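Number of protein chains: 2
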Amino acid sequence: MFAVLRIGHRPARDKRITTHVALVARTFGAERIWIDEADEKIEENIRGVTSRFGGPFAIESGVSWKKVAADWKEKGGLIAHLTMYGMPADESCAEMRDAKKDILLVVGAEKVPREIYEIADFNVAVGNQPHSEVAALAITLDRLTSGEWINRRFHGGSLEIIPAERGKNVIASEVQE
Amino acid sequence: MFAVLRIGHRPARDKRITTHVALVARTFGAERIWIDEADEKIEENIRGVTSRFGGPFAIESGVSWKKVAADWKEKGGLIAHLTMYGMPADESCAEMRDAKKDILLVVGAEKVPREIYEIADFNVAVGNQPHSEVAALAITLDRLTSGEWINRRFHGGSLEIIPAERGKNVIASEVQE
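Going line by line, the protein sequences match chains S and R.
Using this note's numbering, the letters of the first sequence map in sequence onto residues 1 to 177.
Using this note's numbering, the letters of the second sequence map in sequence onto residues 1 to 177.
Quick caveat, the hints were computed from the structure, so don't treat them as lab data.
Remember, predicted model here, so these are calculated numbers, not experimental data.
Wrong hints could be hidden among the right ones.
No copy is singled out in the list; a pair is fine if it fits within one copy or between any two copies.
Below are the SDA-like pairs computed for lysine to any residue, each with C-alpha atoms no more than 20 Å apart in a straight line [to be verified]:
#1 K73 - N151
#2 K111 - E43
#3 K168 - E91
#4 K100 - D121
#5 K100 - A12
#6 K168 - G108
#7 K41 - K73
#8 K66 - G77
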């Protein structure tokens with residue numbers, strides 16, 4: 001089981017990036033996201049997507065990241081912090097897969113507290129170049145699931161997209177419980 | 001050779017997402033990005049990263065996307081438009097790799113002109129769920145390079161990050177030409 005913890009979220013500045021982080025978490029196989037700063041708009045937005053395109057996917061903002069991390073560890077899960085300064089993702093993800101434990105992926109905004117590097121079981125770099133926490137999360141979940149995220153099925157949504165060579169093919173149905 | 005064309009960029013709203021798109025393009029193996037709307041700040045920002053962390057990577061904003069796409073086609077390159085409505089990325093990317101041609105990846109903001117679906121040789125979906133053009137670009141370049149983007153070497157920068165289990169290990173050197 002995978003979950004995501006977004007830290008350093010600043011509602012005014014990070015609204016869209018954190019939204020992308022949450023949507024990537026949902027699509028690429030995580031079951032939930034916690035966001036440190038309270039942000040009702042993002043919660044509403046992500047719950048709207050989950051209700052239209054299906055779940056399960058949970059979002060909660062305004063949490064203590066220290067408590068989330070401590071609870072996760074207490075339950076025997078691993079913590080992986082995504083950072084351009086960390087160790088190569090391919091090797092770290094192989095090690096994590098072999099551990100067969102629940103994994104909490106910590107995704108920071110621009111500055112993260114130094115403590116994160118210490119509490120993390122893995123500091124994971126998707127390349128050691130500056131790019132994007134959105135991309136780093138997608139690639140890490142891709143590696144952790146060996147690409148199997150693509151087969152994830154969502155339930156209870158009202159919209160389904162059917163692959164098309166040109167244009168858009170969307171099936172709208174009654175909401176199913 | 002890979003290049004990226006960002007369309008529908010709105011400087012006020014998309015500044016950070018487009019910046020992430022450009023940084024992902026650079027890290028994951030593209031040689032350049034074109035952005036349809038002029039945005040000097042993004043140009044400066046990306047040139048700053050390229051000067052600190054190395055290149056080559058070119059950025060140009062304020063271009064006609066139609067002209068960029070037409071020139072690309074005229075030179076024999078393929079155009080792949082990333083969209084959640086498209087065909088599965090794994091298969092499309094395998095086909096594109098086999099074609100051994102230059103590939104222009106078109107990354108739209110929220111709304112894209114219908115024409116894009118028509119001029120694209122491939123409409124590519126990284127999953128048919130709503131997530132992020134940043135993640136979609138990273139996964140597509142990952143598949144197109146069979147993960148080899150990680151071995152890309154950058155030149156002429158003054159900073160290099162050395163993978164570390166904890167904390168940050170950055171080597172600063174004289175700028176090399």
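Of the hints given before, which are not true for this structure?
-> The structure breaks hints 1, 2, 5, 7; every other hint is satisfied.
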